[in-house]
Structures are given as structure tokens and as C-alpha cells.
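Student: Each chain, letter by letter, is given below.
There are 2 protein chains.
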Amino acid sequence: MKRHFLWTFLSIFLIGIQANAQESLFGAQQITSPEIHDNSTVTFRFAAPNAKSVQITGDFLPAEKMDTPMGQMDGPGKADLVKDDKGIWSFTSTPLSPELYSYSFIVDGLKVTDPNNPFLIRDVASVTNVFLVGEGQAALYRVKDVPHGTVARRWYDSPGLGMDRRLTIYTPPGYEKSNEQFPVLYLLHGAGGDEEAWIALGRTAQIMDNLIAQGKAKPMIVVMPNGNVIQDAAPGEGNEGMYKPQFMVPKTMDGTYEANFMDIVKFVESNYQVKADKAHRAIAGLSMGGYHTMHISRYYPNMFDYIGLFSAAIMPREDATGKVYNDIDGTLKTQMDNGYKLYWIGIGKTDFLYDANKEYRAKLDSMGMPYKYVESEGGHIWRNWRVYLTQFVPQLFN
Amino acid sequence: MKRHFLWTFLSIFLIGIQANAQESLFGAQQITSPEIHDNSTVTFRFAAPNAKSVQITGDFLPAEKMDTPMGQMDGPGKADLVKDDKGIWSFTSTPLSPELYSYSFIVDGLKVTDPNNPFLIRDVASVTNVFLVGEGQAALYRVKDVPHGTVARRWYDSPGLGMDRRLTIYTPPGYEKSNEQFPVLYLLHGAGGDEEAWIALGRTAQIMDNLIAQGKAKPMIVVMPNGNVIQDAAPGEGNEGMYKPQFMVPKTMDGTYEANFMDIVKFVESNYQVKADKAHRAIAGLSMGGYHTMHISRYYPNMFDYIGLFSAAIMPREDATGKVYNDIDGTLKTQMDNGYKLYWIGIGKTDFLYDANKEYRAKLDSMGMPYKYVESEGGHIWRNWRVYLTQFVPQLFN
Numbered sequence: 432m433k434r435h436f437l438w439t440f441l442s443i444f445l446i447g448i449q450a451n452a453q454e455s456l457f458g459a460q461q462i463t464s465p466e467i468h469d470n471s472t473v474t475f476r477f478a479a480p481n482a483k484s485v486q487i488t489g490d491f492l493p494a495e496k497m498d499t500p501m502g503q504m505d506g507p508g509k510a511d512l513v514k515d516d517k518g519i520w521s522f523t524s525t526p527l528s529p530e531l532y533s534y535s536f537i538v539d540g541l542k543v544t545d546p547n548n549p550f551l552i553r554d555v556a557s558v559t560n561v562f563l564v565g566e567g568q569a570a571l572y573r574v575k576d577v578p579h580g581t582v583a584r585r586w587y588d589s590p591g592l593g594m595d596r597r598l599t600i601y602t603p604p605g606y607e608k609s610n611e612q613f614p615v616l617y618l619l620h621g622a623g624g625d626e627e628a629w630i631a632l633g634r635t636a637q638i639m640d641n642l643i644a645q646g647k648a649k650p651m652i653v654v655m656p657n658g659n660v661i662q663d664a665a666p667g668e669g670n671e672g673m674y675k676p677q678f679m680v681p682k683t684m685d686g687t688y689e690a691n692f693m694d695i696v697k698f699v700e701s702n703y704q705v706k707a708d709k710a711h712r713a714i715a716g717l718s719m720g721g722y723h724t725m726h727i728s729r730y731y732p733n734m735f736d737y738i739g740l741f742s743a744a745i746m747p748r749e750d751a752t753g754k755v756y757n758d759i760d761g762t763l764k765t766q767m768d769n770g771y772k773l774y775w776i777g778i779g780k781t782d783f784l785y786d787a788n789k790e791y792r793a794k795l796d797s798m799g800m801p802y803k804y805v806e807s808e809g810g811h812i813w814r815n816w817r818v819y820l821t822q823f824v825p826q827l828f829n
Numbered sequence: 432m433k434r435h436f437l438w439t440f441l442s443i444f445l446i447g448i449q450a451n452a453q454e455s456l457f458g459a460q461q462i463t464s465p466e467i468h469d470n471s472t473v474t475f476r477f478a479a480p481n482a483k484s485v486q487i488t489g490d491f492l493p494a495e496k497m498d499t500p501m502g503q504m505d506g507p508g509k510a511d512l513v514k515d516d517k518g519i520w521s522f523t524s525t526p527l528s529p530e531l532y533s534y535s536f537i538v539d540g541l542k543v544t545d546p547n548n549p550f551l552i553r554d555v556a557s558v559t560n561v562f563l564v565g566e567g568q569a570a571l572y573r574v575k576d577v578p579h580g581t582v583a584r585r586w587y588d589s590p591g592l593g594m595d596r597r598l599t600i601y602t603p604p605g606y607e608k609s610n611e612q613f614p615v616l617y618l619l620h621g622a623g624g625d626e627e628a629w630i631a632l633g634r635t636a637q638i639m640d641n642l643i644a645q646g647k648a649k650p651m652i653v654v655m656p657n658g659n660v661i662q663d664a665a666p667g668e669g670n671e672g673m674y675k676p677q678f679m680v681p682k683t684m685d686g687t688y689e690a691n692f693m694d695i696v697k698f699v700e701s702n703y704q705v706k707a708d709k710a711h712r713a714i715a716g717l718s719m720g721g722y723h724t725m726h727i728s729r730y731y732p733n734m735f736d737y738i739g740l741f742s743a744a745i746m747p748r749e750d751a752t753g754k755v756y757n758d759i760d761g762t763l764k765t766q767m768d769n770g771y772k773l774y775w776i777g778i779g780k781t782d783f784l785y786d787a788n789k790e791y792r793a794k795l796d797s798m799g800m801p802y803k804y805v806e807s808e809g810g811h812i813w814r815n816w817r818v819y820l821t822q823f824v825p826q827l828f829n
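Taken in sequence, the protein lines are chains A and B. Using my numbering, you'd call the opening residue of the first sequence number 432 and step up by one each time. Using my numbering, you'd call the opening residue of the second sequence number 432 and step up by one each time.
These aren't lab readings, by the way, just hints derived from the structure by calculation. A couple of the hints might just be wrong.
The list treats identical chains as one, so a pair stands whether inside a single copy or across any two.
Below are the SDA-like pairs computed for lysine to any residue, each with C-alpha atoms no more than 20 Å apart in a straight line [to be verified]:
no. : residue 1 : residue 2
1   : K575      : S797
2   : K764      : W775
3   : K709      : M594
4   : K803      : E749
5   : K575      : I661
6   : K647      : N733
7   : K517      : E495
8   : K697      : Q568
9   : K575      : D663
10  : K675      : A478
11  : K509      : G799
12  : K780      : P825
13  : K575      : Y674
14  : K608      : M594
15  : K542      : D768
16  : K675      : T544
Since the structure is predicted, the reported quantities are computational estimates derived from the model, not experimental observations.
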């Protein structure tokens with residue numbers, strides 16, 4: 432082995448030459464974006480000497496009104512980047528409050544991701560860049576120097592749906608070496624999501640690690656199943672291979688999922704160290720997952736002591752099972768009579784499901800069915816669902 | 432709950448309006464790309480009515496020569512897309528042999544990802560789109576209807592490095608319910624990679640599931656640690672938060688990793704059902720991971736019966752430990768004298784490390800140290816490392 436090879440190696444790699452089709456070693460652009468400054472402003476940069484205009488669109492910019500069939504609504508804001516003499520476009524934000532934000536660039540009218548930011552999250556069929564600013568609420572979304580739970584992707588047999596299916600499961604720090612039995616939170620995604628949604632967009636592992644380390648949450652198992660009954664797993668992770676995900680997967684809101692939910696509970700309770708009783712089961716979900724949560728918790732009206740509806744898609748649906756949706760009021764009353772510790776409802780003031788939730792609360796009020804209600808700013812967005820999770824989890828299993 | 436809400440919901444979501452900042456629900460473009468045809472040609476599409484030129488660059492196109500300090504080398508090929516009257520650009524490939532391929536678009540000189548393909552893989556700091564074509568070798572990379580192992584991200588304490596670190600671990604189908612003890616393959620990534628590399632780019636879980644189901648591999652545990660000693664976890668998954676990964680992380684090739692590798696082995700052997708002996712330990716790695724594999728397996732010269740060097744970065748380095756690299760020939764001889772079942776070396780004919788590997792094989796030849804050698808087409812690319820894994824694993828633990 433000659434010294435020669437060391438220098439060959441270093442010269443190839445440190446100079447940053449694209450060799451042998453392995454261009455991805457080197458990154459497309461040697462600039463920094465986003466750059467998060469100490470004062471919580473953020474500079475975004477994009478190298479495009481020949482572009483005529485570069486804009487940024489993201490959820491941290493002042494919302495812009497957009498026309499929809501429901502009237503004007505808030506859309507993501509936009510801002511212009513300015514080009515310097517080297518062809519690098521840049522934009523610096525105002526100081527941002529602690530959060531996880533997402534953005535894309537618009538180059539001569541074309542929406543593109545930031546080639547200098549390798550952090551992207553897929554939401555249904557779209558991929559956007561993300562970044563974290565500050566501490567505060569965002570501290571819960573960061574990986575801190577605290578004990579970490581384990582996140583596993585595991586397959587289970589669903590006899591009811593006739594297939595093996597994949598779920599994501601968080602077990603708390605120390606679980607593997609513990610003889611203890613733990614409570615379980617079932618955490619359901621929205622339409623178009625899958626078993627990757629809560630762990631990626633929801634930052635569930637980081638939130639759980641941090642809340643447990645702070646003594647604000649009990650050590651618990653969090654089960655994140657796939658709520659699309661015709662899918663065995665997330666796009667790319669299942670038998671269907673790589674395909675473009677769709678928003679409304681058929682049969683996801685026709686009762687089939689709720690009717691077979693006990694396949695998941697049975698799997699968890701026979702494969703993990705859990706306290707298998709009502710006092711140690713919680714269920715929560717966002718949007719379609721909130722709908723599933725509402726129906727599952729009343730269809731099995733003595734299974735869950737903790738129920739969380741996050742921007743729940745409360746709405747009537749066709750019932751393919753002929754049994755799940757056919758006595759909603761009766762089963763809700765049974766659920767109420769059986770008792771529970773917490774029925775938590777959270778929604779944003781500008782959520783398009785706000786009225787549906789208001790109507791649902793009126794129904795609960797008229798029945799005398801107790802619940803806890805939190806109204807936040809903003810709409811039907813992940814920012815709210817992460818916040819709701821951090822508010823819901825500390826109330827569990829106390 | 433009025434019927435009204437159902438229709439509101441459907442109208443918003445099915446029409447595909449961007450509402451409430453949740454634009455990511457809907458995807459940027461309602462076209463299909465890539466479209467993989469029955470004859471294994473692939474059509475790529477990109478909507479850009481105002482662009483002057485759209486090209487595609489990818490590893491499935493005929494390689495193009497590029498100048499580097501080492502002379503001309505093969506770079507990824509390029510092809511032009513053609514615009515139709517709706518402003519949709521398209522290109523259809525020749526029939527492609529079964530593989531996982533990657534690509535990007537170049538729009539008016541700017542490299543961008545495909546907004547219609549949500550499947551992206553990060554390699555160091557760059558993100559490119561990927562797709563799978565055909566069966567054959569690619570069948571091993573697909574999720575098939577076979578029993579699936581579990582993939583966990585788990586943290587362990589490394590006393591030698593003074594921190595908690597994260598690893599990815601594959602346990603074979605049925606592991607959790609089994610009382611059996613399993614052999615272990617330690618599978619190491621290259622420079623710039625991390626504990627996500629083999630599971631994402633390497634398709635390790637799919638390869639293992641499929642080889643085990645076909646009876647071509649023994650059920651085994653595969654441990655994919657992080658080889659960058661100053662990192663606790665992959666970018667975005669560790670204490671440093673989200674940052675742009677770099678190719679050469681400091682201290683990754685100075686002996687420190689090798690000197691502390693037993694922290695990982697001890698963790699695995701005290702936390703999993705494993706056969707903790709030489710006959711049931713294998714170690715393999717790509718590029719820098721091949722270098723680590725070479726050094727670890729001779730520095731602990733009686734630990735591993737199976738050794739795999741995939742495009743190994745065989746080269747001298749400074750030794751920060753003062754002990755790991757100071758008697759390479761002596762420890763190699765001890766390793767040889769102690770005996771092993773398989774010392775496997777694979778490299779591509781156009782790999783820039785080809786000569787270094789040739790020189791290393793000459794050394795082994797001169798010592799009389801036996802090895803098995805496979806020379807493939809192509810260079811220093813993931814396609815080869817996936818193939819090497821499928822060739823190496825069937826030879827283990829027989």
C-alpha cells in the first residue's frame with residue numbers, strides 16, 4: 432500500500448470532483464441554505480445565475496389569501512429572493528418563533544426543493560424541505576441528550592383484512608431491559624398519510640423522548656398503524672412498490688378500518704409488555720385519524736380511557752360494514768356511560784373542519800358527554816398536530 | 432352532523448385545491464413520472480411550459496466521459512426531454528435491465544428533483560429520485576409477499592466514545608417470538624454515510640427478507656452502525672440537529688472507530704438473541720466501511736469467520752490511537768493463522784480504488800492469505816454494493 436493512494440483519495444474527494452457517476456457524494460451546490468442565525472432569522476440561498484426570478488414559499492411567511500370553492504382561505508406566503516453578482520439568490524426572514532417549518536423555492540415559476548438542504552419530508556405525494564428554529568416548543572422536536580426510545584417498523588398479521596401489514600412502534604427508553612408493563616397510545620394518521628406520517632412529520636419519537644425525560648409524560652408505547660385498509664404499508668414500503676400516493680385511499684372511511692382495529696390491539700398486547708386494560712389504553716388521531724378515533728372509541732365503548740381528536744374529520748360516511756356507523760348516538764352514549772378519563776378535542780380556528788367540530792361538540796353537549804376542548808390558531812396543518820400531541824400526552828395515564 | 436360536510440370535504444380534497452397552507456396534500460403537478468412500461472422502458476415527464484431546455488441525468492443513461500484530475504472517467508449520462516403543446520416535457524428510455532436507478536432533471540441548467548416522484552434517497556448531502564425496474568436482480572430490492580423482518584432504530588451506550596449512539600438493526604422474520612439464537616452480520620457504510628445508508632440506499636431489509644424467504648440466506652441479524660465516530664446519529668437524527676452532511680467526517684479513519692468497535696458487539700450480544708461466537712459473526716462494509724472491515728477483522732483477529740470488503744478504501748491513514756494501524760501485516764498474519772471461513776473482496780473494474788485493491792490482493796497473495804475475489808462492471812456506485820450484498824450474504828453461516 433503506497434502513500435500515493437491516500438493522496439489520490441484525498442485529492443478526488445476533497446476537491447469535490449464528480450467521478451464515476453457518484454456525483455451524489457458532493458452535493459449540487461457548495462452554499463449554505465438555510466442558515467439559521469442566532470437571532471432566529473433564517474437566510475435561504477439558491478444558486479441560479481440565469482434565473483429571472485426566485486421566490487420562496489413556506490409556512491413561516493405571512494399567509495396569503497387564496498380563492499377556493501369555500502371562499503378565501505389562508506395559503507402559504509411567498510417572498511422574493513435577491514440575486515448577488517455571483518448568481519446566488521438570497522432571502523432573510525424576520526425572527527421566527529420556535530417551530531419546525533417547511534418551504535420550497537419557485538424558480539421562474541417552477542416549484543423546486545432546496546438542493547442545499549437534505550432534510551425533506553413527504554406529505555402524501557409532495558416533498559418539501561424542513562428546518563427547525565429555536566428552543567421553546569421546538570425543543571420538544573429536537574433530538575436532545577436524553578434517553579432515547581426505540582422506533583421499529585414491524586409487520587403484523589391482520590386476519591380481518593387478510594394481509595400482513597406494517598406499523599411503526601415507539602417503545603420508551605429502557606423498554607428492552609425492563610420487566611415493567613407499559614401503557615399504550617394508538618396514534619392515527621390523516622388521509623393520504625400512512626405509518627410513516629407521525630414519526631416523520633409528527634416528530635413523535637423526539638416529542639416522547641423529551642416529554643418522558645422532563646417527567647411530563649409517563650413512559651409509554653406509541654403505536655402508529657397504517658389507516659388505509661387496502662395498503663399493507665406506506666408507498667414504497669409495501670407490496671405495491673413505488674407509486675405516487677393519493678390523498679383519499681379507497682375504503683379508508685367506510686367502517687372497515689374501525690371494524691378490524693382489534694387486530695392491531697391484539698397484536699400489540701400479545702407481542703409487547705403492555706398493561707392490557709382500559710386504564711392503560713389511549714387512542715388519538717389527526718383529521719381522518721381523528722374520525723377513526725371517534726368511531727373506534729365508541730364502537731368499542733369500553734376499551735379506551737383516553738381519547739384525542741386532533742382536527743378530526745367529523746363527517747358522515749357510507750358504511751361498508753353495515754355495523755360500524757349505524758348507531759353512532761347509541762354507542763356514544765354507551766361510551767359515556769362506561770366512563771373515561773379524558774375526551775380531548777383540539778382544532779384550529781381557521782380549520783375547514785371547524786364547523787363540523789363545532790357541530791360535533793354541540794351534540795356532545797346535548798348528550799351531556801364531557802370533553803376537554805382546545806382551540807388553537809391556524810388551520811389544518813401539521814404544526815397544530817405536533818402541538819396537540821405535546822398537549823395531549825402529558826394528560827395520559829396519570 | 433350534516434351531509435353537507437361530506438360534500439364540502441370531498442369537494443375540497445378531490446378537486447385538489449390548495450387550502451390552508453396544506454398545499455402538500457395535493458402534489459405540485461398532476462402528471463405521472465416516472466412511468467415504467469411493460470417493456471421496461473421508462474417515461475419521465477416534467478411540466479415546465481416556460482423552460483428553454485429540460486434534461487434528465489441518471490445512472491441508467493449511457494455514461495459520459497468527464498475530465499478529472501485522474502484522467503477521463505465515466506460520469507452519469509444525460510438526455511434531452513422534448514416539450515409537447517401543453518408544456519409537458521418528456522423522455523422515454525430504452526428498455527432497462529432490472530435495477531434500482533436514480534435520476535434528476537436539469538431545467539435551464541438547474542438541477543432539480545422530480546416533483547411527481549415522492550421517492551428520493553439522500554446520499555451524503557444530495558437527494559435524488561429513485562425508481563425500480565423489472566424483476567431479476569431488482570426483485571431482491573422489492574417488498575414481496577414474504578415474511579418480513581423488523582427494522583429498528585435503537586440507541587446504545589458507547590463507553591469508548593463517551594456517548595449514546597444510534598444504530599439500525601434488522602431482525603429476521605419471527606425473531607420476536609423465537610427462542611432461537613441468531614448469527615449476526617455487521618454491515619458498515621462508506622464515507623459520508625451513516626446508520627441510514629444501508630437500509631435506504633442498500634435496500635438491506637428487502638434483500639434480507641427475500642433471500643431468507645428463498646432459502647438462499649440463513650435467518651440472521653444485520654447490524655448497521657454509524658461509522659462516523661464524532662456523530663451520535665445520522666444528520667437530523669442526532670444531537671447536532673439538522674445540518675448539511677459532509678463527505679469526510681473527521682476522525683472516521685484514524686483508528687478510533689476500530690478501537691471502539693467492541694462497544695457495538697457487546698451491546699448487540701447482550702441485548703439480542705445471538706450466537707456470540709466467531710462462527711456466527713460476519714462483518715462487511717463498502718468503501719470506508721470496507722476499510723473499517725479490513726482493520727476491525729485483523730485488529731480483533733479471532734472474532735469474525737466471514738469478512739466482506741466491498742470496493743474497500745484500502746489506503747494508509749494517520750493512526751490517532753497509536754495501536755490500530757501499527758502492525759497491519761502482523762495482525763493480518765495472525766488473522767490468517769487463526770483461520771476464517773470467507774474473506775470476500777469485490778470491486779468494480781472502473782472503480783478509482785481498483786488499483787489500491789489490486790495492490791492489497793497482491794499483499795494477501797504474497798502472504799498466502801486466502802480470499803475470494805469478484806470483479807464487476809462499473810465503478811464506485813451503490814448499484815455494485817447492493818449486488819455485492821446479495822452475493823455475500825448467501826455464503827454466510829453455512
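Student: Hints first: check each against the structure and report whether it holds.
Tutor: Verification of the supplied hints:
In this assembly of identical chains, the alpha carbons of K575 and S797 never lie at most 20 Å apart, being 45 Å within a copy and 51 Å across copies at closest. For a Cα distance limit of 20 Å, the shortest separation of K764 from W775 inside one copy, 17 Å, qualifies, whereas the shortest one across copies, 67 Å, does not. For the homomeric pair K709 and M594, neither the shortest alpha-carbon distance inside one copy (27 Å) nor that between copies (38 Å) is at most 20 Å. For a Cα distance limit of 20 Å, the shortest separation of K803 from E749 qualifies neither inside one copy, at 29 Å, nor across copies, at 62 Å.
Proximity of K575 to I661 under the C-alpha cut-off of 20 Å is restricted to the inter-copy arrangement: shortest distance 16 Å between copies versus 37 Å within a copy. In this assembly of identical chains, K647 and N733 lie within 20 Å of each other by CA distance neither inside one copy nor across copies; the values are 26 Å within and 48 Å between. Proximity of K517 and E495 under a CA criterion of 20 Å is satisfied in neither setting, with 31 Å inside one chain copy and 28 Å between copies. Taking the closest pair of Cα atoms, K697 and Q568 never come within 20 Å of each other, the shortest separation being 35 Å inside a single copy and 37 Å across copies.
In this assembly of identical chains, the alpha carbons of K575 and D663 lie at most 20 Å apart only when taken from different copies (11 Å versus 33 Å within one copy). Taking the shortest alpha-carbon separations for K675 and A478, only the inter-copy value of 16 Å comes in at or below 20 Å, while the best intra-copy value is 29 Å. In this homomeric assembly, K509 and G799 never come within 20 Å of each other (Cα to Cα): the closest approach is 45 Å inside a single copy and 67 Å across copies. Taking the shortest alpha-carbon separations for K780 and P825, neither the intra-copy value of 23 Å nor the inter-copy value of 58 Å comes in at or below 20 Å.
In this homomeric assembly, K575 and Y674 come within 20 Å of each other (Cα to Cα) only across copies, at 15 Å, whereas the closest approach inside a single copy is 35 Å. Proximity of K608 to M594 under the C-alpha cut-off of 20 Å is restricted to the inter-copy arrangement: shortest distance 19 Å between copies versus 31 Å within a copy. With identical chains, the CA atoms of K542 and D768 are never at most 20 Å apart, being 52 Å at best within one copy and 61 Å at best between copies. Within a single copy, K675 and T544 get their C-alpha atoms as close as 18 Å, and across copies as close as 15 Å, so both meet the 20 Å cut-off.
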